[in-house]
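If you're matching them up, the sequences are chains Y and D in order. Per my numbering, the very first residue in the first sequence carries number 1; after that it's consecutive. Per my numbering, the very first residue in the second sequence carries number 1; after that it's consecutive.
No lab work stands behind these hints, which were simulated from the structure alone. Heads up, a few of these hints could be off.
Covered, in the sense of this in silico footprint (three residues per stretch, anywhere, with C-beta under 8 Å from a C-beta of chain Y), are these stretches of chain D [said to hold, decoys possible]:
1) 11-18
2) 23-37
3) 40-54
With a straight-line cut-off of 20 Å between C-alpha atoms, the simulated SDA-like cross-links for lysine to any residue are [as the list claims (entries may be wrong)]:
4) K179(Y) / D38(D)
5) K179(Y) / M9(D)
6) K179(Y) / R50(D)
7) K179(Y) / N6(D)
8) K179(Y) / R129(Y)
9) K179(Y) / D22(D)
10) K179(Y) / D3(D)
11) K154(Y) / D35(D)
12) K154(Y) / A37(D)
13) K179(Y) / V169(Y)
14) K179(Y) / L21(D)
15) K154(Y) / M9(D)
16) K179(Y) / T20(D)
17) K154(Y) / L21(D)
18) K154(Y) / Q139(Y)
19) K179(Y) / A121(Y)
20) K179(Y) / C4(D)
Per label pair, the in silico range of CB-to-CB distance [stated by the list, open to error]:
21) V160(Y) / E11(D): 15 to 23 Å
22) A94(Y) / T20(D): 21 to 29 Å
23) G19(D) / Q57(Y): 13 to 21 Å
24) A24(D) / Q57(Y): 18 to 26 Å
25) R28(D) / R26(Y): 27 to 35 Å
26) A24(D) / L138(Y): 32 to 40 Å
We treat Cβ as the ideally placed atom computed from N, Cα and C, and that holds for glycine.
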Amino acid sequence: MAKDNEPNEDSTDLELIARWNAGDERAATYLVERHAPALARFAASLGQRTDIEEVVQDTFVRAFGSIESFRADSSLRTWLFTIERRLILDRRRAERRRKDDAAVEERDAATEFDALDEIVAEEAQTRVRRAVEQLSRLQREVFLLRVNEGLSYKEIAEVVGSTEGAARVHYHNAMRAVKESLYV
Amino acid sequence: MSDCANVEMRELLPELAAGTLDAATRARVDEHLVDCADCASELETLRLVRAAFANRNR
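Next comes chain D alone, as it looks inside the complex (with noise of 0.2 Å):
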């Protein structure tokens, strides 16, 4: 498991699992997933994140 070296693509994935990016930067970031397994899989933790700590607070 490693980290992706772009660093601007990584520091968007929070705001791309809470759906909050503006359409042409979403674009961005998801051509940039097509390539990148380490952000995938970072997204995929994030979201994880997410509904485990979602569900806790229901």
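Okay, chain Y solo, but in the shape it has when bound (with noise of 0.2 Å):
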């Protein structure tokens, strides 16, 4: 049976950050196997296709080399998940400098991250368009009246002539179908 302060499942993240501090490898281990998983399909979720493992990998490389900048404030997780996707898009500069080095680092020369995040996001709203736009007309029209305007599913049915059910059901389709064509 494992002593009270041996890093185990059952230890809180803090706990397992203030083992590792202390120079217990284990701990490492314990917040891998928990976080992993979710990093993973996170970074899938941003688009990443290929080398996700190593994505993952190296987010907690990155994490655990400036654990000392975490502040319990804010979850693990959700902190981890801001270092992968800024590990993403650095990744994604380093693709695009490859590709196409002269007119980006001209660019990157005075706003480096904006001007990477400004392709990125230009590149995902691109996609999302095309994804809304093949939605059949009266999903669009509701999804977008939830989601851009914030009309309550009662508005909306009102809005296109139908019921609140009705409109509840098309919302649910239509994002099914938008991260389908996103994510898959």
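Using the hints, put the two chains back together into the complex; each one sits in its own frame.
What follows is the structure in structure tokens.
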């Protein structure tokens, strides 16, 4: 039976971080096992198609290398997601430079991360526009009224001449179609 | 890509993306998002949609 002060799967993230800072390598293993699956899913949701395992591993390397900057007022997983997102942006910047270094480097000179963020955001927005445009007219109308205009299902039903329940179904079908179009 | 089984939380994601939730509800959804990659992904999609169509309408 494990001693109370030894890391185990029931230890909180903060306890494991404290153990790792104290030199206990087993604590890092527990943290990786706990958060790696969510990080892999998150990478996929950001459009990462290849090297997901490598991205997850690099995320932990970065995280453990700067664990002193983790503040307990946010969750460890949220902090890891932030690191992973930045890492993916870094990788895309490198890939893009390999393909078209001159133009991008000129833009990077002053606002490196802003420029990269913009490129990635534009690509993602183009993909999402295509996905929404592929919805049926009614689905698209319901979806955008809910997401962009913030209307309740009751209000949407009044707008499109439907029922509240039907509006809810159209919204969730549309969301599923958009996610499948983006991430599958 | 799957859907979270917690319908209440999923239904609050559009309002979270829009920034219109009250503080207490927002805290509950934030807490759920910590352990739910499905909802985190759906929230990312909602933000993308908002950004995409806000830009187009500029």
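Each hint, compared with the structure:
Residue count for the segment 11-18 of chain D with a Cβ under 8 Å from a Cβ of chain Y: 4. That meets the three needed, and the coverage hint holds. Proximity of the segment 23-37 of chain D to chain Y, defined as three or more residues with a beta carbon under 8 Å from a beta carbon of that chain, is established by the 4 residues found. Look at the segment 40-54 of chain D against chain Y: 13 of its residues bring a Cβ nearer than 8 Å to a Cβ of that chain, three or more, so the hint holds. The straight-line distance between the Cα atoms of K179(Y) and D38(D) is roughly 11 Å, inside the 20 Å bound, and the hint therefore holds.
Annotation: proposed proximity of K179(Y) to M9(D) holds, straight-line Cα distance about 17 Å (limit 20 Å). Distance check on the hinted pair: K179(Y) and R50(D) sit about 14 Å apart at the alpha-carbon level, within 20 Å; holds. For the proposed pair K179(Y) and N6(D), the alpha carbon gap of about 17 Å is at most 20 Å, so the pair holds. Note on K179(Y) and R129(Y): the hinted pairing holds, with a Cα-Cα distance of about 12 Å set against a maximum of 20 Å.
Of the pairs offered as hints, the one joining K179(Y) and D22(D) is violated, with about 27 Å between alpha carbons and a cut-off of 20 Å exceeded. Of the supplied pair hints, the one linking K179(Y) and D3(D) holds, its CA atoms being roughly 10 Å apart against a limit of 20 Å. Restraint check: the Cα-Cα separation between K154(Y) and D35(D) comes to about 30 Å, which exceeds 20 Å; the hinted pair is violated. The hinted pair formed by K154(Y) and A37(D) fails the criterion: a straight-line CA distance of about 29 Å is larger than 20 Å.
For a cut-off of 20 Å, the pair hint linking K179(Y) to V169(Y) stands: about 15 Å separates their Cα positions. Restraint check for K179(Y) and L21(D): the C-alpha separation of about 23 Å exceeds 20 Å, so the hint is violated. Distance restraint check for K154(Y) and M9(D): the Cα-Cα separation of roughly 18 Å lies within the 20 Å cut-off, and the hinted pair is therefore satisfied. A C-alpha spacing of about 23 Å is found between K179(Y) and T20(D), which places the hinted pair above 20 Å, so the restraint is violated.
With a CA separation close to 18 Å, the supplied pair K154(Y) and L21(D) stays within the 20 Å bound. Restraint check for K154(Y) and Q139(Y): the C-alpha separation of about 15 Å stays at or below 20 Å, so the hint holds. Distance hint between K179(Y) and A121(Y) is fulfilled; the C-alpha atoms sit about 16 Å from each other, no more than 20 Å. For the suggested pair K179(Y) and C4(D), the alpha carbons sit about 13 Å apart, so the restraint of at most 20 Å is met.
Hint check: V160(Y) to E11(D), Cβ distance near 18 Å, so the stated range 15 to 23 Å holds. At about 38 Å, the beta-carbon gap between A94(Y) and T20(D) misses the expected band of 21 to 29 Å. Here the CB-CB span from G19(D) to Q57(Y) is close to 34 Å, at odds with the stated 13 to 21 Å. Between A24(D) and Q57(Y) the CB atoms are about 38 Å apart, so this pair departs from the stated range of 18 to 26 Å.
Distance hint check: the CB atoms of R28(D) and R26(Y) are about 33 Å apart, consistent with the given range 27 to 35 Å. Against the hinted window of 32 to 40 Å, the Cβ-Cβ separation of A24(D) and L138(Y) comes to about 34 Å, which satisfies the hint.
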